[in-house]
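Engineer: Going down the list, the protein sequences come from chains A and B. Numbering follows the working numbering, with no gaps: position 266 of the first sequence is 266. With positions in the second sequence counted from 1, the corresponding number in the working numbering is that position plus 1000.
No lab work stands behind these hints, which were simulated from the structure alone. Cβ atoms here follow ideal geometry from the backbone N, Cα and C, with glycine treated the same way. Treat the hints loosely; a few may be bogus.
[Claimed, not checked] Under the rule of at most 27 angstroms between Cα atoms (straight-line distance), these lysine-lysine pairs were calculated in the DSS-like manner:
| # | chain 1 | residue 1 | chain 2 | residue 2 |
| --- | --- | --- | --- | --- |
| 1 | B | Lys1121 | A | Lys35 |
| 2 | B | Lys1121 | A | Lys33 |
| 3 | A | Lys201 | A | Lys151 |
| 4 | A | Lys135 | A | Lys151 |
| 5 | A | Lys199 | B | Lys1121 |
| 6 | A | Lys144 | B | Lys1095 |
| 7 | A | Lys98 | A | Lys151 |
| 8 | A | Lys256 | A | Lys47 |
| 9 | B | Lys1002 | A | Lys2 |
| 10 | A | Lys2 | B | Lys1088 |
| 11 | A | Lys47 | A | Lys151 |
| 12 | A | Lys151 | A | Lys220 |
| 13 | B | Lys1002 | A | Lys35 |
| 14 | A | Lys256 | A | Lys199 |
| 15 | A | Lys201 | B | Lys1121 |
| 16 | A | Lys201 | A | Lys113 |
| 17 | A | Lys240 | A | Lys201 |
| 18 | A | Lys135 | A | Lys256 |
| 19 | A | Lys214 | A | Lys113 |
| 20 | A | Lys205 | A | Lys226 |
| 21 | A | Lys226 | A | Lys240 |
| 22 | A | Lys226 | A | Lys199 |
| 23 | A | Lys162 | A | Lys201 |
| 24 | A | Lys184 | A | Lys199 |
| 25 | A | Lys2 | B | Lys1121 |
| 26 | A | Lys256 | A | Lys214 |
| 27 | A | Lys2 | A | Lys47 |
[To be verified] Derived DEER-like restraints, expressed as beta-carbon distance ranges:
| # | chain 1 | residue 1 | chain 2 | residue 2 | range |
| --- | --- | --- | --- | --- | --- |
| 28 | A | Glu75 | B | Ile1128 | 48 to 54 angstroms |
| 29 | A | Thr30 | B | Leu1119 | 22 to 28 angstroms |
| 30 | B | Ile1146 | A | Thr142 | 42 to 48 angstroms |
| 31 | B | Leu1119 | A | Ser25 | 47 to 53 angstroms |
| 32 | B | Ser1094 | A | Glu86 | 14 to 20 angstroms |
| 33 | A | Gly242 | B | Ile1155 | 55 to 61 angstroms |
| 34 | B | Ile1135 | A | Lys151 | 31 to 37 angstroms |
| 35 | A | Lys33 | B | Leu1119 | 50 to 56 angstroms |
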Amino acid sequence: MKTSIIIITAVLVLAFSFFIFTNSSFFVPTYAKVKCNIGEIAGPAIKLVGKPANLVKYLFETYVNLFDAKKENVELKKKLDIFQLENQKISELEKENKRLKIILHLVEQNPGKMVAARVIGEDIKNWFRCIIIDKGRDFGVTEKMPIITPKGLVGQAVEVNKWHSKVMIVNDTNSSVDVYIDGKNSRGILEGTGQTTLKLKYILKNDEAAIGDKLMTSGKDGVYPKGLPTGIIITVNRNKPGIFADIDVMPFNNFKRLDEVLIVRKR
Amino acid sequence: MKISVYILTGIALSIIESALLSFFPVEFFKPDLGMPFIIYTTFFLGPMPGFITSIFISLFQEILSNAPHGSIMFTKISLFLIATFLKKNIYIDSKYSFSYICGGSTIIESFLFIALSILSKGETSNIINVLFYTIPNAIFTGFVSIFIFSIIESINIKFLGRE
């Protein structure tokens, strides 16, 4: 009897989640609110875990570097290893300093328009592409705010909590960006594939598009401001059937190696 | 008591996974660390703990993922129902059979997600992506669940008073 009640409840929850998935306006706001509240409760835990993770990251990178160094320099003494470790620490700090300087420069160029944030997590499913950043509602972050790095576009904020925000990266299958080819009169939609490369769609076969062309955001999708570099064309295939060319794009950012990002507050 | 310990451990592991994945160059396989807890509670503790674990784990996984609202909850509750109905036909006698079931559940979850996307929204853009990662995810989830099973068993013996 008890099992039957649980099964009936589970089937009801199943139906409820189905309606949420189909964006039923009756259920989605309540569900989003519940999720947001739980996210806010979990926020400090996510931030807290992110901090030791940085230490693990440092140890991991140091270990990988050390492993290679050990292979090459077996005869080196322990003392030298310690010096190397110190050296690596300094070079890591230098790299971080350089990155932060570029970000600071960008923030200073656009006072009040940008907020720097640190990446503290990644999507736990590899079906989707998203990152979690350590800035939320408290820093004025709202949904659909563009996220960039000095190299180019990263994505947009899709869920914002008090403590942190979820950012959909441009290579997510649900992402689309209106872009134009820099210096040419061609416009298309850049879509995520879930893989490293992106697809540039709706470029006619007789449009000007060549390997090595840079893509910039057009600002016409209402999310991303005009002129943000997004990627570079790596293949153009005009031999496939249909009126549009098949174009692959490599984004400027390596999304697996993002440490800091910038949130564009005003567009 | 037991169930809250399992849920908290599952959530903590998922948060740690999310934090660590942001810098480990792992993209090809991402284990579902919530799955072993759902399977364990459903098979060993009964339908009620399994149901509660499914709800909490799926909610937290949705918070840590860009998955559409309700999608992970749908797949996890479906898996809970499947596990409940198959409970009498499947016998888990060791951590290895447990890992096979967890791996198999990951494959079923992928197909459930694809079916849900196609049948409800007609979306096909993510199918190749989901299929591409199904087998690696299943293998890795199965592998990790061996350790999770051992962790759960040691928690049971050390803290939850099971001999």
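Engineer: Holds or violated: are the alpha carbons of Lys240 (chain A) and Lys201 (chain A) at most 27 angstroms from each other?
Structural biologist: Judged against 27 angstroms, a Cα distance of about 13 angstroms means the pair holds.
Engineer: Measuring from beta carbon to beta carbon, are Ile1146 (chain B) and Thr142 (chain A) in 42 to 48 angstroms?
Structural biologist: holds (43 angstroms)
Engineer: Lying within 55 to 61 angstroms: is that true of the beta-carbon distance Gly242 (chain A) to Ile1155 (chain B)?
Structural biologist: holds (57 angstroms)
Engineer: May I ask you to test the hint 22 to 28 angstroms on the CB atoms belonging to Thr30 (chain A) and Leu1119 (chain B)?
Structural biologist: Given range 22 to 28 angstroms: holds, Cβ gap about 23 angstroms.
Engineer: Just to be careful, I want the Cα atoms of Lys144 (chain A) and Lys1095 (chain B) compared with a cutoff of 27 angstroms; is the pair within it?
Structural biologist: Distance ~45 angstroms between Lys144 (chain A) and Lys1095 (chain B) Cα, so the pair is violated.
Engineer: Straight-line Cα separation of Lys47 (chain A) and Lys151 (chain A) no greater than 27 angstroms?
Structural biologist: holds (26 angstroms)
Engineer: Taken at face value, is the distance from the CA of Lys226 (chain A) to the CA of Lys205 (chain A) at most 27 angstroms?
Structural biologist: holds (25 angstroms)
Engineer: For the pair we were handed, Lys201 (chain A) and Lys151 (chain A), check the Cα-Cα distance against 27 angstroms.
Structural biologist: holds (23 angstroms)
Engineer: Does Lys162 (chain A) pair with Lys201 (chain A) here, judged by a C-alpha cut-off of 27 angstroms?
Structural biologist: Judged against 27 angstroms, a Cα distance of about 36 angstroms means the pair is violated.
Engineer: Holds or violated: Lys1002 (chain B) with Lys35 (chain A), Cα cutoff 27 angstroms?
Structural biologist: OK: Lys1002 (chain B) and Lys35 (chain A) at ~24 angstroms, within 27 angstroms.
Engineer: Take the C-alpha atoms of Lys2 (chain A) and Lys1088 (chain B), compute the straight-line distance between them, and say whether it is at most 27 angstroms.
Structural biologist: At roughly 17 angstroms apart (the allowed maximum being 27 angstroms), Lys1088 (chain B) and Lys2 (chain A) satisfy the hint.
Engineer: Has the given pair, Lys199 (chain A) with Lys1121 (chain B), been kept, meaning a C-alpha gap of at most 27 angstroms?
Structural biologist: Holds, because 22 angstroms separates the two Cα atoms, which is no more than 27 angstroms.
Violated hints, in rising order: 6, 16, 21, 23, 25, 27, 31, 32 and 35; the structure is consistent with all others.
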